[in-house]
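Q: Chains U, S and H with the ligands: place on chain A using the hints.
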Amino acid sequence: MTDVGAPIRRQGPGRDGTILDRSVEGRRAWSLPALDVPEAPVAAEHARTAAPRLPEVGEVDLVRHYTDLAQRNYGLDTGMYPLGSCTMKYNPKVAETVAAFPGFQRLHPLQPTSTTQGVLEVLWRLEHALCAITGMARATLQPPAGACGEMTGLLLMRAFHEDRGDPRRRVIIPDSAHGTNPASVRLAGYEAVPVRSDTRGLVDVGALAKLVDGSVAGLMLTNPNTLGLFEEEIEEITGTIHEAGGLVYYDGANLNAILGRCRPGDMGFDIVHINTHKTFATPHGGGGPGAGPVGVKEELVPYLPVPIVERGEDGRYDLEHERPRSIGRMHGFHGNVGILVRAYAYVFLHGADGLKEVSELAALNANYLASLIGEEFPLAYPESRPMHEFVATAKPLRGSTGVRAMDVAKRVIDLGFHPSTVYFPLVVEEAMMVEPTETESKTTLEAFAEALRTAARDAREHPELLREAPVTTPVRRLDEARAARALKLRW
Amino acid sequence: MTDVGAPIRRQGPGRDGTILDRSVEGRRAWSLPALDVPEAPVAAEHARTAAPRLPEVGEVDLVRHYTDLAQRNYGLDTGMYPLGSCTMKYNPKVAETVAAFPGFQRLHPLQPTSTTQGVLEVLWRLEHALCAITGMARATLQPPAGACGEMTGLLLMRAFHEDRGDPRRRVIIPDSAHGTNPASVRLAGYEAVPVRSDTRGLVDVGALAKLVDGSVAGLMLTNPNTLGLFEEEIEEITGTIHEAGGLVYYDGANLNAILGRCRPGDMGFDIVHINTHKTFATPHGGGGPGAGPVGVKEELVPYLPVPIVERGEDGRYDLEHERPRSIGRMHGFHGNVGILVRAYAYVFLHGADGLKEVSELAALNANYLASLIGEEFPLAYPESRPMHEFVATAKPLRGSTGVRAMDVAKRVIDLGFHPSTVYFPLVVEEAMMVEPTETESKTTLEAFAEALRTAARDAREHPELLREAPVTTPVRRLDEARAARALKLRW
Amino acid sequence: MKFAPHTEAEVAEMLDAIGLSSLDDLFDRIPPAVRLDGPLDLPAGASELEIVEDLRALSGRNRSADELVCFAGGGAYDHYVPSVVWALAARSEFSTAYTPYQPELSQGVLQSLFEFQSMICELTALEVSNASLYDGATALVEAVNMARAGDRGRVLVSEGVDARLLETLRTYGKGSGYEPEVFPAEGGRGGAPGVGSDVAAVIVQHPNVLGILEPASDLFAAAREGGAKAIQVFDPLSVGVLAPPGELGADIAVAEGQSLGNHLAFGGPYLGLIAARAGDVRRLPGRIVGETVDVDGEPGYVLTLQAREQHIRREKANSNICTNQTLMAIAATIYLGWLGPEGLAEVGRQSAAKASYAAQRLTELPGVSLLHRGAPFFKEFALRLPRPAAEAIERLTERGYLAGIPFPSAGEDVLLVAVTERRTREQIDGLAEAMGEVFS
Amino acid sequence: MKFAPHTEAEVAEMLDAIGLSSLDDLFDRIPPAVRLDGPLDLPAGASELEIVEDLRALSGRNRSADELVCFAGGGAYDHYVPSVVWALAARSEFSTAYTPYQPELSQGVLQSLFEFQSMICELTALEVSNASLYDGATALVEAVNMARAGDRGRVLVSEGVDARLLETLRTYGKGSGYEPEVFPAEGGRGGAPGVGSDVAAVIVQHPNVLGILEPASDLFAAAREGGAKAIQVFDPLSVGVLAPPGELGADIAVAEGQSLGNHLAFGGPYLGLIAARAGDVRRLPGRIVGETVDVDGEPGYVLTLQAREQHIRREKANSNICTNQTLMAIAATIYLGWLGPEGLAEVGRQSAAKASYAAQRLTELPGVSLLHRGAPFFKEFALRLPRPAAEAIERLTERGYLAGIPFPSAGEDVLLVAVTERRTREQIDGLAEAMGEVFS
Ligand SMILES: Cc1ncc(COP(=O)(O)O)c(C=O)c1O
Ligand SMILES: Cc1ncc(COP(=O)(O)O)c(C=O)c1O
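Residue numbers (this note's numbering), protein chains in the order written: chain A, 1 to 491; chain U, 492 to 982; chain S, 983 to 1422; chain H, 1423 to 1862.
What the hints contain is simulated information worked out from the structure, not anything from laboratory work.
Capping the alpha-carbon separation at 27 Å, the derived lysine-lysine pairs in DSS-like fashion look like this: (1) Lys1156(S) / Lys788(U); (2) Lys297(A) / Lys1596(H); (3) Lys701(U) / Lys1298(S); (4) Lys1738(H) / Lys488(A).
The following residues of chain S were derived to be distant from chain H, with all beta-carbon distances above 12 Å: (5) Gly1176; (6) Ser1351; (7) His1354.
Ideal placement from N, C-alpha and C gives every residue a C-beta, glycine not left out.
Same shape as in the complex, but just chain A:
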């Protein structure tokens, strides 16, 4: 056997070309009933003349092509996927079952509400469950992802201040914040003001206090923060902002760390977004879809996007569009409802007890894994106890061997695992941000730790194994510089 037994499969050569390369003139997969009404051809002035170069293939070609592509992809069902900040936990199969019910899947978004009571009830119950989890009064389920949730939250913030005749200019964000935070701040018309982290990896409260004044519309914070650390002075932080008349926004990417343990609302946050594709394990589809519901405290409720689901005295559900102070619409329809149905399933499968266990075991896994690899890859902030994820660093290894975090990651691929996030957050050198999630077993964590330790050993003894890695994948390291230079973005 020539293969060294890497659990990751070398899935074919990836040299079969695109689906267009399979095209043969006149082949077809499509079928439709014969037209049973008179033709009504498009007038020549409006008509397309040159056909698009789409593939002409048979159904069997399609099936083999995309089956092959799928097999060249790593997913949670293939193995552990410990990307920090991404919360790649097991996606329950039951969520797929329920989302596929025709009563959800085949529903037009603009049907009269007399014909959509079931889905409206799902949305209403989910909204209220999310409020219970986060300590908020009401929520919008429209935003299709976290970044859109941020934008929603910032526009709510804006509407709130403007309504009070006190438009403000600046929004503070920690230097370790996720890139969507500053980008959203800018797009919402605010200036992003960074606040630095202290040596513990937490917001420097002193520095924060100096930044705060009447021009500050609010603060955006992830807690636990993007380093996986709980902001211990959270009351002081939210208090500082509130005193200055600002609002505090909770980036829910790490909500999974505190489920059932504490609530953003109780920490003083006014606005919260939730990433259902993280906290509630809705499948992320290789980049999306997600869903980014936004919950708010009572005083912000009037500004929530339209429409919102309301429940009448008679128990009937309706879509309320008439909300004069609403910021408007964040999505063409009602958001990623198919994903929200899956989130509903997750939330109610777990219930109060189950959600609490989620955060407990996520934290246990992170701390256990950190301890297993700490000798080779120490924590970047050893003073603070990580919550559901941790940032380790390959700096010592780099110092002694010259090998970089990316090389370690690629070697880990050859050893059978998806590696952690590397080089994020930017504030840590040779960062390796690891989020095992609660659905990885002790057995798997130990195997992953062993892979990381093996990579470290190899870095010393066989550094070429790291530099040349990966060798067990359909392609090896790709030339990203060339991709950006000699742009080839289509056939």
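A: Same frame as chain A, but now just chains U, S and H with the ligands:
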């Protein structure tokens, strides 16, 4: 890249053990509602004391284990699968859609017929379509596979003769027949009498005539036969049997070759079985399920198994159990209904025109492929034109290089394809029985032919590539002798 | 709609390459007299959309167990099928494969079947099993074929064996030359098989067709004392709580495996389970997977003991089975992996408890009584009704219940009710209420 | 139900290994004052079976397009989704992956997206596209963000643009500092945007919200003459028969991509399409996949031009998008592969013909007329009814039809009807008949 670019993936080492090896005491995947009625424990005398050693695993363990196993398996969706006699054609995805409708999938077999009119209509329509295709009067859909269809047919034959007070002893089958034929004959209480093939690969009609007498209950025949050749003297053959008072049974494994071109009924066959998993592309699931409906001429209708679907004057469907001359029941319920629904979809998607095209293009593909590889792997019966499949032989190659058909097959695996059937039929030395089916494109046939020619070239120039093959698979050649000697059939 | 990818140009090129001028030429060996003149008597082909709508409409004319609360049993049960089972079993690498003739390309199916065999051995407390048979009824036929040998040809069947199994046995027996003989039960169970030296097998269903627990060890002891094989028809979801066949003294155990993660599907595809003692392994029917090693010494799986099978042994084979129910076996394996030992026991425990509760509730109705009072039962029980069972069932479907199945051999007023872990107290109470209305 | 595989013993061992005595200790950094005392105000966890039954019941309280014949449009359409699309897109290697940060493990998603980008370029006759945006409405917002630069801040919107798109633009405009300005149409189409030097973009929907074909090239010519970007909102299933945005002179084309193989799903997950001219590639929002080679020179795919994106450019990024709708884009790719150029044209042809037939049939009813007689339309058209549209829709649902959507901005008696290739003549005739009954 160390890999030589074989299109077949080396899918991991296959050394992760069984699902039991993933077991950890106390882990669980299952969930059920809490018991909401009083306990009713089993009396101690009836109770199990030692729990079975089933795995204790989480849902994520299950998912990864079986996803990994699936990826270690080759299917039609992975590539061409030209097993002769098996008719591995593309399995349409729409068949899965319709079989999953809850109105079919969640139906109890013993519901009152007032609640199952839809499925009864499906069965009734399918039965009549199968009769139209084969030229029969009625059919039973009960047999879950071809072999059971054979048994059904032979028991019908038996009942027919016995009813006439003329029990008979012997059933004739060609020497090239599939193993299920003689086995069924024996299980039906008959003696199997082989008739030899002539140099054309066809039934030796002279020899047949000598075997036929009043003790012959019937003849079983595949046409085109298992060599892929049409029995040109079919009228004479069926005539001979009929004259002696016997019945002729059509093994429908190769019905796909003649769809819309000729019908077993018109050739003189009295009983026909159909393998829906061959002719009508129902997915074979790695070994089953199948379905083996059996059609008969009018005079055999009274003997068909019970129950049978009947359509009343009022258009209502019923399950008729009261058929005094019926042979009885061949299956605990109504057969593999979920498979029959898929067969229905296939038959009515294609319709009269489409089914004819199926046999045309199947034959075209077989003949084209035979011509592409003929130089290296000549036809075993060059005199006769193959229909939907052909038997080639690696005898010349073996003669010149010592390499065997099995070595060629294993090398073909490394070159990216599932090989053809080898060493069957037994009457041909170094047989390679190839059935491309109509759903392989010209492009694919040429690539497969190229792989076979490469293997032949390698046999001369690098024979070790054949002897050591396969090297691109999760395991290499397995020790079958050891498997049979040191039986390990369970954990 | 067609799935052949050929373009007209390709067809012409290919014909050219093989020296033919038309597709018709490919069929020139078919004697003109038997050629079909016109088209098949079938409609023209249809698009995918049309077929989907056709079958959606037809499926809509059935009232499924999503619509009717299902208390029907008789071998097929509405146990819960968790989502994970078919999310995995339906993967196309499994579903679109053929029989694993090339083991290097089929380790997924082979290993799954090895695990299946192992689990069936564990369920039954027997030593060997196979890669599945068609269904429970044909599995029983195969078990009888295993048992019959030499002078021992007679087959004794307990009265407690399902009528559909018996009918099937009778059908196949006509070929093999036996007529199953039924020995009567007493009070719904037991009985006394006279096991002479010409008896090949004694067949007992436990729990029996009425759901009643049989004195199985006694019956099996009698069989074995008489030198016959003891065959048990068992319920695979009972053996988490009930003593398994091997411990009861069965030599061969067979079952309908549907309830292990397979859908009701109007009767199929299901799967037949079979297990036996090690000494009988060479008489086992069907495919068997064995573990071995490859040329590098790595473990792997192959089809083994093929010398038993039809494709090698031909007319001397003990069974003619070729295609089996592999995919259903893979589903059963995943389902049993989902359950584990604890879940298996829980399904049994809940089914039994709910059946007991249902029997109690329903027999509170006037005129309704247990057919065999006092006989211990598992998840199924027979009731005597004040009305013909078929009529009651019909009326109850109008109220949303599939109340059970008729059991005509004990009287037209007998109803067989099955209760799985899936039923709720509310549904059981609802059935009792609806039945009360129907009978009032 | 829980998915964490931990046993109690493992939890204890792990706690031990990290030197903690309880799970509570893991949370000791949370200040006591903000800790939750009691449990969350949620029910206790439930089993899979309970959740399935709960959601089955809820889904049963919706009347889906399987039940109501769907003539509703307005951006979401009941085009046929062939089985092959989700049989492939739902494969778990795609669906359970994250964003392809490790390209060697993500070639499946990356190549599919490269193919998607290529197909969108082909559909639009534009040069660059991306890996999808959230939906059609937010895609329009992104297009406007691309167009606005320097002194050019104003955004002119044709009256023919969907109200939901306009509302969304208005919402996001509050942050970016613009207020979209609507220029009126004449007779349901056209109009005259005043494109001054402060105008960033002119937005035209073609076919427009009423299904009407716009004089798009004229409008775009006006935009470009004035130095503004011409943005077209298009229907991806129209461009098999209608001239594509690039040929009409659009600089940026955006669309709701739902109709490309994605389910109606009450509004999402859908996907936003965007395409632009090559010169604007660095202003394109979201992820872009590029082809490159690996160290062995073999072709492969990576995320490229990431310097545009939020995770690198942060507050200077043109867009904040991170998670997009990749899986929907994969489905769209497979769907377009199924159609090919011929199928794409056929869907357009059939939709147009059926819409035309429906308009004719419905306007035969007394009191029913086209809102804009004589204006050419594609697959959607607006009718004036003798009754309020909302009421008519409601009444028609009782007869099994979802007759369309109200179009209140043109009057409460205006109904917008969409007809896809999926509708049959019989269904159209049925709608006409039912409408006749409702109005009589
Ligand atoms: C901390 C944080 N905030 C925001 C986001 C953006 O969320 P989404 O990708 O759902 O738009 C992410 C996603 O990775 C994140 O990790
Ligand atoms: C010629 C022939 N007859 C019969 C059979 C048996 O059919 P089945 O596998 O459906 O039992 C086969 C299957 O390979 C066959 O090829």
